[in-house]
Structure formats: C-alpha cells, structure tokens
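Trainee: Going line by line, the protein sequences match chains P and A.
Each step along the first sequence adds one to the number in our numbering, with nothing skipped, and position 63 is 63.
Each step along the second sequence adds one to the number in our numbering, with nothing skipped, and position 22 is 22.
Derived by calculation from the structure, the hints in this document are not laboratory data.
Yeah, the Cβ is synthetic: ideal placement off N, Cα and C, and Gly gets one too.
Among the clues, some could well be false.
Pairs of lysine-lysine, DSS-like flavour, derived with a Cα cap of 25 Å [claimed, not checked]:
(1) P:LYS91 <-> P:LYS8
(2) P:LYS88 <-> A:LYS145
(3) A:LYS157 <-> P:LYS8
(4) P:LYS88 <-> A:LYS146
(5) P:LYS91 <-> A:LYS157
(6) P:LYS8 <-> P:LYS88
Chain P regions said to be covered by chain A (calculated; three or more residues, Cβ under 8 Å) [as the list claims (entries may be wrong)]:
(7) 21–33
(8) 54–65
(9) 72–82
(10) 88–100
Away from chain P, derived, C-beta distances all over 12 Å, residues of chain A [to be verified]:
(11) VAL66
(12) ARG74
(13) VAL111
(14) ALA212
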Amino acid sequence: MEKWQLNKYVRFVLIVGMVLSVSVMTIGLAAYAIAPGSYQDVSLSPLDIPAEIGKGNPIAVIDLGILFLIATPLTRVVAALAFYVLDKETKMVGVSVLILIVIGIAVVLGAS
Amino acid sequence: MDIITAVGILLFSLGAGFLGSMLGLGGGVIIIPSLSLVFGFPMHVAIGASLVGVIATSTGAASYYVQEGMSNIRLGMVLETATTVGSVIGAVIAVYTNQQLLAIAFGILLVYTSFYMVRRPERLAAPRVEEKKGYFDLAGSYIDKKDGKEVSYDVEKLDRGLGASLGAGALSGLLGVGGGLVKVPVMNIWMGVPMKAAAATSNFMMGITALAGAVIYYGYGQISPVVTGLVAVGIFAGAMSGSRIAHLVAGPLLRRLFAVVIAVIAILMFLKGLGVLTVV
C-alpha cells in the first residue's frame, strides 16, 4: 500500500479522537460551570465513570473526554499496526507491537 | 474554581497550543509555569494537565501535518519505541519527586529552551542522491508550501536518534513536556531531517510519548479533571490554528520573542523552586 494511505488512516483516527474528546470535555466543563463546587475536582476510576455519568456528575463526563483523548494516539498506533500487518511489513509490525507493549506496562504501573 | 481562573487557563492554553504547534513543541513550557506560578496549582497537577495538553497539541497539529505529508510516520514510530520507555521511567520518578526539585529542574529546562530558541541552528537536508533503503526505510519527502518544491531526504544515525529519544521521553514523563526541545534539533542536526519535517514529526510523536506518562499520572490520581479539561480544550483550538499558519509566520522574530518570555519564566520557576516565590 502507498504512504498516503497510511497517512489517510492515521489522520482519520486523529480527527475522530479529537472531535470526540473535545466535544465530551466541553459538555462536561459546561455542566460543571453550571454548578461549580458541587463536585470534587478529582479524577475517577475509569470503572466508576459510567455510573457517575448516570448520576449526572460532570467530573465523570470530563474524565471520559480525557480518556478519549489519551486513547487517541494509542488508537492510531493500532491503526498503523493493522496497516503494516496488511502490508506484510514485518519490521514495522514489530515496532508497533513494541510501542503497544510499553504502553501496556504504563497502564499496569498506573493501575497499580 | 472561579470564572476568571477558568477563562485565564483557557487563554494561556490557547497560546500554548498556538506556539507549540508552530515550533514543534508540546506547549508544556508555557502550561506548567502558567498553572504553577500564575494560578498557584501544585507542580504535580500542572505536569499532569500538561501531559494531557501535549496529547491535545499532538492530535490537533498532527492531524494537519499528516494530511500534508510533513510528518514522517515511519521515523516517528521507530523513535517512539525509545520515547515511550523514557516517558514511563520519567513519570514514575516524577510521582515520587519533591515539588521544589521539579520546579528547579523545569527552570533549567527553560533556560535551555530559551538558549535553543535564540540560537536554533538549522541543518539544510542534503538531497537524496540515490534510492537507497535503510533497515526501516525511513527516507521521506514532502512539498514545501513556501516554494511548491518537493523536498526529499534520507535519515542518518538512527542509533543516536534512538538514544536522544529515550532522553526526550524521560524529560516528558518527568517534567510534563512534549520533548520536542530535544527531538527537533536531534532529528535535524544528527539525523538530517529538514527542520519543517522534524517539527511535524516531533508533533506527531508527542502524543504517544505523553500518553505513557499521562496514564501513570491518571492512575496515581494526579490529574485534575477540570484544570486538565480546560487546558486540553484551549490547546486544541490553539494547535489547530497554529499548525495552519505556521508557514506564514516570520519564524526568527517569533522564536526570539518566545525566548525572552521563556527566560523570564525560568527565573520565576527558579525562585519558586528555591522557596522565595509561592504564587505570582
């Protein structure tokens, strides 16, 4: 496959991640502005976010937007990995997997 | 948080994203001193917000640079293997490091930034003379919008680039910056990548470098959602506009002005680190 195709896939992932995360964070910030001080400005565990959004907690909405943003570069590595697998580029598949492994270690360290 | 603080954080973040995307930096050199000195947030909160902000700069700017073919994705990903390792190490160290020590370390980084912005030597890339493929086939090309000509280049000294990227990653995790201050000159001077492609590739890489650190900060509860949300939204807007007008701006003047501002901030950070100054 050509270089511009990889660029196209990566750009698509970045745009989707950007729109999604900014939209969600903006909604959360607007909701927080309506009732500032009602909620503690402390990040929630990702597992608690859905339930807290259900309760109308704006901090949970902002957290969700932050997680979407954090996930965006990760998703573009996965997209590149899929591209390289289809293109049978063994070396770049190895590079992509190595990046994902290090991110995985960071997640484990953060969670612990 | 009152409305004036919120608007202030948004405005500073807008400026950070704007300048960062044009200069190949993540914007952390503006965000961290702003949050720490102007708004009085603890260094750890400032660094956590900055790391997420760096991802925002990277996402906003890279979406444009990738479309234009300026970011060398293959080179960026190969170097990311080193920056992510460095970032994880740096973030773990930072979580257990004293705030004043972090402020002094950041002050030293700012002095270097200021010096780099004034001097900023640029190596002009030698044109490709033959179609040779290195181990990862990292050679790149892009159309320079200034004169409409295609610029092709080879990538040299990958081993040195990987070593420097490890250091840039550690800097990112430790101090919450994008690491572009190290990556851009290394790619240009050591690896022979033209400055515009180096800045665009640096912007592309920053997202994944900062991600490794941001995940650890999130896990350790060092991310303040409201502050971080304001920083990210402001930076996005700045990065989107900055990357689009980068080629129209008089670079040398902008860099000198930026250098003066950074030098002043460096002095304030040193004073904070030494305990002389708490909040401006």
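Trainee: Under the constraints set out in the numbered hints, which ones does this structure not fulfil?
Mentor: 2, 3, 4, 11, 12, 14
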